[in-house]
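Given two chains presented individually in distinct reference frames, assemble the corresponding complex, making use of the accompanying hints.
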Amino acid sequence: MATGANEIEFAGIQFFGKMSASISHEIKNVLAVINENAGLLEDICFMADGGKPVDISRLKKIAVDVKDQVRRADRIVTVMNRFAHSADEPSTETDLGELTALLRLLAMRFAAMHGVAIETLAPPVPVRVTTSPFGLLNLLWICLDCAMTATGSGKMVELVAEKTTEGGLVRFRKFEQPGAASVADIALGKLSALPRMLNATVAADSTKTELVVRLHQSPQF
Amino acid sequence: MTEKVLIVDDDKAYLNILSERMRNRGMEVTTTASPVEALRIVETQSFDAIVLDLMMPEMGGIEAFQRIKERNPDLQVIFLTGNPSVSTGVDAMRLGAMDFIPKPADLNELTEKIKQAKVSRAILVEKQAQAKLKKVLTEKSR
Chain A
1 MATGANEIEF AGIQFFGKMS ASISHEIKNV LAVINENAGL LEDICFMADG
51 GKPVDISRLK KIAVDVKDQV RRADRIVTVM NRFAHSADEP STETDLGELT
101 ALLRLLAMRF AAMHGVAIET LAPPVPVRVT TSPFGLLNLL WICLDCAMTA
151 TGSGKMVELV AEKTTEGGLV RFRKFEQPGA ASVADIALGK LSALPRMLNA
201 TVAADSTKTE LVVRLHQSPQ F
Chain B
1 MTEKVLIVDD DKAYLNILSE RMRNRGMEVT TTASPVEALR IVETQSFDAI
51 VLDLMMPEMG GIEAFQRIKE RNPDLQVIFL TGNPSVSTGV DAMRLGAMDF
101 IPKPADLNEL TEKIKQAKVS RAILVEKQAQ AKLKKVLTEK SR
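Protein chains in written order, with the numbering used here: chain A, 1 to 221; chain B, 1 to 142.
Derived by calculation from the structure, the hints in this document are not laboratory data. Treat the numbers as computed from the prediction; the structure is a model and nothing was measured. Please note that the accuracy of each hint is not assured.
Claimed, not checked - BS3-like mimics (lysine-lysine), calculated; alpha carbons at most 30 Å apart, straight line:
(1) B:113 / A:61
(2) B:4 / A:52
(3) A:18 / B:12
(4) B:12 / A:28
Here chain B stands alone, though its shape is the one from the complex (with noise of 0.2 Å):
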């Protein structure tokens, strides 16, 4: 099954590249240069992973994964940036990113990191099944 990616980026020059490379490779990719947009769109649709530049215009990186965690806890979140300090990267992670990987990105490492993220998607997926299924069983069984 292929993996489903947003990317989120404002350089769009980079946002055509990068999906190119990651449609060439199986998965299925959909874009956007607007953090709002982003919102918008994992409102409406389930994704694998998001791999989201840190600093846009409009909305920051950060306050953008913010405001996709509230809403969807379970999307897997990659950060690309062009900022390359360590500082940066540990905040990152600290909030809950799966991930921090600095621009220019190794395409390999970026599309390992998706496969990672589909697997801990699909672990939580489950997780959550089975914590509802134990939920009704246990209300049928009183």
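Chain A with its partners taken away, still in its complex shape (with noise of 0.2 Å):
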């Protein structure tokens, strides 16, 4: 029977896998346009030399779209490149805006894959809490996939972090009733050492509309 530290491994091993393959999967995709274009450019010169002129316009378009990519490719490795130093402490002070805000980027294509929009709201204030960023990610993360999948498609999740006498909590909410009831037991049912090792509790609120994670500080490491 799997420990509560195993099952904490597994889980940031599974998560972290799952990233991965969706930013590859990204960056397949932004190679593949780049190479479409290179290729083109070849067509280019292959009729060039049978003695079609050369269309000095479509040039140019083909330089546009393959900085279009580039800047495509940038975006996606920046985020996982904060994603991957988010493991580098285990427990650190961390911003959960900011922290919300990374895993939407890192969602995004998973949502779309769901047919979700996902919105964050930045808090007026900087919540702080200190955690382990990783843990709280992969928490966060198990959250918004059962979200996303409760709320079904042409829907929007929305996450929302705010300060709290205790710490800081992050909700996701805009999904209806009883969504956030189940999607809460089914976050909490798939992974119970995560939440404890990082001193947080997930629970629908009152209303059964929300579901949130709460961070209470002095943290268990």
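In structure tokens:
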């Protein structure tokens, strides 16, 4: 039987693997577009060798398209880099607003597959907690994954970080009753050791329309 | 005769550049970023091959493939995907896809597969025509 530590370790590896696979897929899509642009240049050269005049405006368009793809790849790799560095420290001061924004970027492709939009609202004041950024991202991902499944296609999940007297919280909202309650149950049922490690609780709010992850400070690592 | 191809991929930048290169090679290309739209297109038009992205919003490539095959069992489908895992390719082939090409694709290889698809489809159509003719002749000889 898996111990709590093993469960956390396995969930972490699984999370890292899932995100890495998604990111590599996105990078491959960018490479595919760049590859076809290079191929089109070859086609144009081949046709020019055969006497067809070169359309300069088409060459300019290829340059613009390649630059667009480089920017797209840069955005993907920047998110990947921030995600990778979230595992640098077992516990450090973490901005919950920034972390939820990072989670949104990581989850965009999964959200598109679910047909769900994810929005994040920046908190009016920074919400800083001392926690494991990677562990918390993992927990928030599990909740978001459940929320996306519960809310269904054409819907939205909104993530909001808030300061509390105990530390901070993240609300998953905009999905309708009785979704929140079942989402909380699924999230908690999937993993119990991770919330314990983070000194966090995951539960539906009293209206059962929001899923709330509460972080209580003085974490136990 | 030119090859008639439908490309289905949610990455519009890829869709545009790939279709341009295929048209430069003399193919007749229809594109859509929506697998749902692709289902509508195959209802009214015939193609020698469909190039289908495996992972798309709205509907996964496998589901789209199954629904296309239900209505048009002769259609030859080539999967194209950024997911390079062997198991994904094996799954696609097991379901009856003609081939599976990882992105970034080699256009010469893809062109070759499309030409093969056209031949395979022509053989299938010919066989069906012969079977139909045989059936009619058998019924008439009774």
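Hint check results:
1. Using a Cα cut-off of 30 Å, the hinted pair residue 113 of chain B and residue 61 of chain A holds, with the two alpha carbons roughly 29 Å apart.
2. Note on residue 4 of chain B and residue 52 of chain A: the hinted pairing holds, with a Cα-Cα distance of about 25 Å set against a maximum of 30 Å.
3. Restraint check: the Cα-Cα separation between residue 18 of chain A and residue 12 of chain B comes to about 25 Å, which is no more than 30 Å; the hinted pair holds.
4. For the proposed pair residue 12 of chain B and residue 28 of chain A, the alpha carbon gap of about 15 Å is at most 30 Å, so the pair holds.
The structure meets every hint from the earlier list without exception.
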